[in-house]
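Student: Here the protein sequences come in this chain order: A and B. Taking the numbering used here, I'd label the letters of the first sequence as residues 141 to 340. Taking the numbering used here, I'd label the letters of the second sequence as residues 141 to 340.
No lab work stands behind these hints: they were computed from the structure. Do not take every clue at face value.
Which copy is meant is left open, because identical chains are indistinguishable; a pair holds if it fits in one copy or across any two.
Said to hold, decoys possible - In silico SDA-like cross-links for lysine to any residue, where the CA-CA straight-line distance does not exceed 25 Å:
1. 274 to 203
2. 214 to 255
3. 274 to 170
4. 214 to 150
5. 214 to 294
6. 145 to 215
7. 274 to 263
8. 274 to 218
9. 145 to 202
10. 145 to 285
There are 2 protein chains.
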Amino acid sequence: MIDVKWIVPTSAVGGPTNGLVGRIDLGLDPDLLATAADALLMRHPLIFDQTRQLALQVRPGSHDPWYESCYQEKDIAPETEYSELNPELRGTYFEEAFDSFPFPLFRARLLALDARTCYSVHRDDTARLHVAIKTSEHAPFVFVERNEVFRVPADGNAYLLDTTEVHTAMNGARELRLHLVAGAAWDAMAMTDELGGQSN
Amino acid sequence: MIDVKWIVPTSAVGGPTNGLVGRIDLGLDPDLLATAADALLMRHPLIFDQTRQLALQVRPGSHDPWYESCYQEKDIAPETEYSELNPELRGTYFEEAFDSFPFPLFRARLLALDARTCYSVHRDDTARLHVAIKTSEHAPFVFVERNEVFRVPADGNAYLLDTTEVHTAMNGARELRLHLVAGAAWDAMAMTDELGGQSN
């Protein structure tokens with residue numbers, strides 16, 4: 141059983157999660173995460189205007205591992221195919237972070253949101269996991285139609301957000317916001333009896 | 141008595157308004173407003189990166205009427221001094237719009253928010269009136285600490301927002317958002333018996 145502590149309930153019926161926002165305790169060290177991210181971004185820059193990204197998981201044998209999964213879902217392979225840790229990350233704190241999840245991840249990326257920018261309001265196909273690496277109280281998720289504002293703390297834990305609801309994220313601070321974002325390979329199983337997201 | 145229809149209540153005690161968001165029915169024509177704004181912006185461009193502005197009210201005899209009030213509050217004259225309609229706007233639909241308010245305005249400006257940008261999270265010194273000229277369902281106000289998301293409709297009415305609460309606005313759409321924003325000269329009187337913002 142995967143232990144998800146639901147923080148914000150959902151009104152959706154039959155959605156991929158049992159809540160709008162839930163926490164999965166990982167106990168990662170936020171400082172080590174930030175240091176690992178700084179070291180990585182010195183070697184591999186973030187690309188794409190505003191939605192700046194770097195891929196942490198790849199398809200086996202990819203020729204463009206750092207950026208291949210960083211396009212819109214309609215322009216890339218099925219998300220679950222990006223399932224291997226980028227070989228260059230072996231032995232780094234990112235590998236430890238990935239191993240701390242109680243289920244496999246897919247299409248994990250670093251997503252940076254520049255100061256005073258926001259994403260288009262949209263829905264994703266699946267729920268998403270977020271680990272905040274650099275953030276502030278001024279960089280919330282906004283579930284526009286649900287009237288919910290949620291700030292993911294950089295506390296070394298993962299937050300499961302039901303991003304199949306209409307949402308955006310914004311950064312009203314002066315510094316960049318940096319999140320590790322991934323799909324959870326248990327998504328499709330979350331509503332079964334065996335592996336349901338536990339509601340606490 | 142000024143008739144404010146409170147839409148979102150407030151928990152603040154002794155604040156400048158009796159609610160977080162209220163509507164003041166003006167019955168303006170949204171199309172005429174948009175047309176007047178388009179004509180104006182062809183003559184006078186918006187300036188300032190991200191928080192792009194154009195002043196509609198000026199100090200008497202200003203040498204820089206269109207932009208003088210468009211800096212941070214700490215860098216301009218007291219806001220209430222920007223109280224005269226910019227002479228070039230006489231006879232336009234803006235003059236009609238200003239006259240439709242049941243109280244005087246000050247420091248009225250056009251504020252544009254570019255696609256996929258947001259303001260810094262902040263508090264203002266006073267409540268603000270907003271008339272949406274161009275907007276979408278994806279461009280809400282976010283009261284970050286109050287967990288309230290509010291979308292000002294472009295319906296020809298004014299919305300009073302208690303912007304002394306921590307807030308921002310974001311534009312998660314692909315088109316520019318354009319609002320007429322002003323201070324209400326009844327702010328200081330709003331909590332008196334004579335001119336209290338009426339709670340409906």
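Student: Each of the hints needs a verdict: does it hold here or not?
Tutor: Here's how the hints hold up against the structure:
{"no.": "1", "hint": "274 to 203", "result": "neither (29 Å within a copy, 44 Å between copies)"}
{"no.": "2", "hint": "214 to 255", "result": "between (27 Å within a copy, 22 Å between copies)"}
{"no.": "3", "hint": "274 to 170", "result": "within (9 Å within a copy, 41 Å between copies)"}
{"no.": "4", "hint": "214 to 150", "result": "neither (27 Å within a copy, 43 Å between copies)"}
{"no.": "5", "hint": "214 to 294", "result": "neither (30 Å within a copy, 33 Å between copies)"}
{"no.": "6", "hint": "145 to 215", "result": "neither (34 Å within a copy, 47 Å between copies)"}
{"no.": "7", "hint": "274 to 263", "result": "both (24 Å within a copy, 23 Å between copies)"}
{"no.": "8", "hint": "274 to 218", "result": "neither (28 Å within a copy, 37 Å between copies)"}
{"no.": "9", "hint": "145 to 202", "result": "neither (36 Å within a copy, 59 Å between copies)"}
{"no.": "10", "hint": "145 to 285", "result": "both (23 Å within a copy, 22 Å between copies)"}
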